[in-house]
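Residue numbers for the sequence shown follow this note's numbering, beginning at 275 and rising by one.
Derived from the structure by calculation, the hints contain no laboratory data. Since the structure is predicted, the reported quantities are computational estimates derived from the model, not experimental observations. Be careful, since some hints might not be right.
As the list claims (entries may be wrong) - In silico DSSO-like cross-links for lysine-lysine, where the CA-CA straight-line distance does not exceed 27 Å: (1) 571 to 443; (2) 642 to 482; (3) 649 to 440; (4) 673 to 649; (5) 545 to 426; (6) 482 to 612; (7) 443 to 482; (8) 494 to 424; (9) 541 to 487.
To be verified - Pair by pair, the computed Cβ-Cβ distance ranges are: (10) 616 to 582: 38 to 48 Å; (11) 480 to 333: 21 to 31 Å; (12) 548 to 332: 24 to 34 Å.
Built from N, CA and C at the ideal position, the CB exists for glycine as well.
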Amino acid sequence: MNVVFFLIVAAFILVALAFVLPPIWRARELQSSDLDHRNIEIARSRLAELKSNLRAGGITQAQFDEQFAELELALSDDLSIESRVKAAHSRGRWMAYVVALAIPVLAGSLYFSLGRFDAVEHGEELAKAAPDGMPTPADIEKMVAGLAEKMKANPDDAEGWLMLGKSYKYLEQYPKAADAFANAYRLLGDKPEVMLLYAEALAFAADKNLAGKPSELIFKALELEPENPNGLWLAGLAKVQQGDPQAAAALWRKLESLLPEGSEPRKEMQKIIAGLPGQGLAAAGEPEAPPATVPAKSITVEVDLAPELQSSASPNDTVFIYAQAPSGPKMPLAIVRKQVSDLPVKITLDDSTAMMPAMKLSNFGEVKLLARISKSGQAVAQPGDLIGTAENAAVAGSKAYTIVINRRVE
275 MNVVFFLIVA AFILVALAFV LPPIWRAREL QSSDLDHRNI EIARSRLAEL
325 KSNLRAGGIT QAQFDEQFAE LELALSDDLS IESRVKAAHS RGRWMAYVVA
375 LAIPVLAGSL YFSLGRFDAV EHGEELAKAA PDGMPTPADI EKMVAGLAEK
425 MKANPDDAEG WLMLGKSYKY LEQYPKAADA FANAYRLLGD KPEVMLLYAE
475 ALAFAADKNL AGKPSELIFK ALELEPENPN GLWLAGLAKV QQGDPQAAAA
525 LWRKLESLLP EGSEPRKEMQ KIIAGLPGQG LAAAGEPEAP PATVPAKSIT
575 VEVDLAPELQ SSASPNDTVF IYAQAPSGPK MPLAIVRKQV SDLPVKITLD
625 DSTAMMPAMK LSNFGEVKLL ARISKSGQAV AQPGDLIGTA ENAAVAGSKA
675 YTIVINRRVE
């Protein structure tokens with residue numbers, strides 16, 4: 275056993291006792307006048323609330339009279355308490371002895387039964403088993419599988435289905451996420467947030483296609499909650515996919531109006547709207563210039579892996595090479611998927627590699643470039659992935675940018 279460890283434990287127990295014991299040990303007197311004053315103040319506050327509610331039309335006069343009578347009765351009962359209550363000097367002090375003994379005994383018993391003494395002497399081995407103290411993707415999948423088994427035994431647990439759906443969504447297992455959200459929707463009914471989660475999962479399970487059931491859920495959610503930001507965003511995407519950019523612009527302008535003035539998300543929303551067909555000069559009431567032939571915007575990227583990290587990657591590990599807006603939504607504007615065995619590699623990012631029609635490379639003048647080796651193969655970054663970046667990359671121009679994957683994701 276480590277002596278230092280036990281000294282630290284003893285110090286923590288003493289600190290705990292220092293907080294717990296003084297209030298128990300001290301004798302206290304409670305004046306009824308204090309109680310009376312407090313109860314009268316509470317009654318006054320409650321009466322003011324009732325009057326305000328009556329003036330605002332929240333309650334009727336009859337309801338006000340009924341609640342006022344209840345308030346008078348409650349206050350009368352409170353004021354009938356004995357005029358002075360005095361605590362004996364020794365009252366409760368026996369509990370101090372019990373607590374002083376119980377805390378060390380209980381803490382020690384729990385640690386001896388549940389703790390690991392070897393963690394003190396073998397911390398390095400434990401750290402290697404779980405780097406950075408974070409669960410691995412395999413650990414997460416195991417926990418999610420356990421939750422799925424639990425839901426089989428509790429099929430009417432709506433919150434459990436929601437948690438399971440969000441977990442599957444995080445793991446990018448969208449068909450399973452859609453099934454879980456479908457169960458939550460079955461139990462909770464037409465709740466906008468549940469409907470939107472369900473719609474997103476269905477769309478991603480169908481290769482990001484919002485047509486059909488996802489659109490039905492999205493627009494139904496918007497009927498119930500017209501200013502739901504996520505609903506407005508998804509509804510705009512649905513309209514873009516339907517070939518109706520004017521309707522998408524109207525929805526996104528409403529979303530823009532909900533964002534704080536001058537904020538980065540609002541500026542990004544304005545850029546996205548401006549990138550829709552017919553939303554340039556024509557949207558401001560000026561004649562739109564005839565379309566001109568311009569070279570398609572693209573960025574050339576060369577990606578390589580730093581020599582010191584060569585041993586940390588396997589040839590079949592997935593490499594995501596993508597561009598992000600410098601601020602605002604972190605959804606990739608363009609993305610290409612390769613493998614470590616392809617490195618070094620030279621690729622071109624352009625609008626043909628966009629994930630969403632409304633979020634594309636040509637809408638931006640500068641972007642952030644990233645190259646990430648995913649150990650799990652998932653698009654969501656995980657601790658332990660390897661990454662490299664290039665800031666302030668100009669979309670227009672012929673310059674080729676170089677990214678060296680040289681650090682780990684923490």
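Quick rundown of the hints versus the structure:
no.	hint	result
1	571 to 443	violated (32 Å)
2	642 to 482	holds (24 Å)
3	649 to 440	holds (21 Å)
4	673 to 649	violated (30 Å)
5	545 to 426	violated (46 Å)
6	482 to 612	holds (21 Å)
7	443 to 482	holds (13 Å)
8	494 to 424	violated (31 Å)
9	541 to 487	violated (31 Å)
10	616 to 582: 38 to 48 Å	violated (20 Å)
11	480 to 333: 21 to 31 Å	violated (49 Å)
12	548 to 332: 24 to 34 Å	violated (44 Å)
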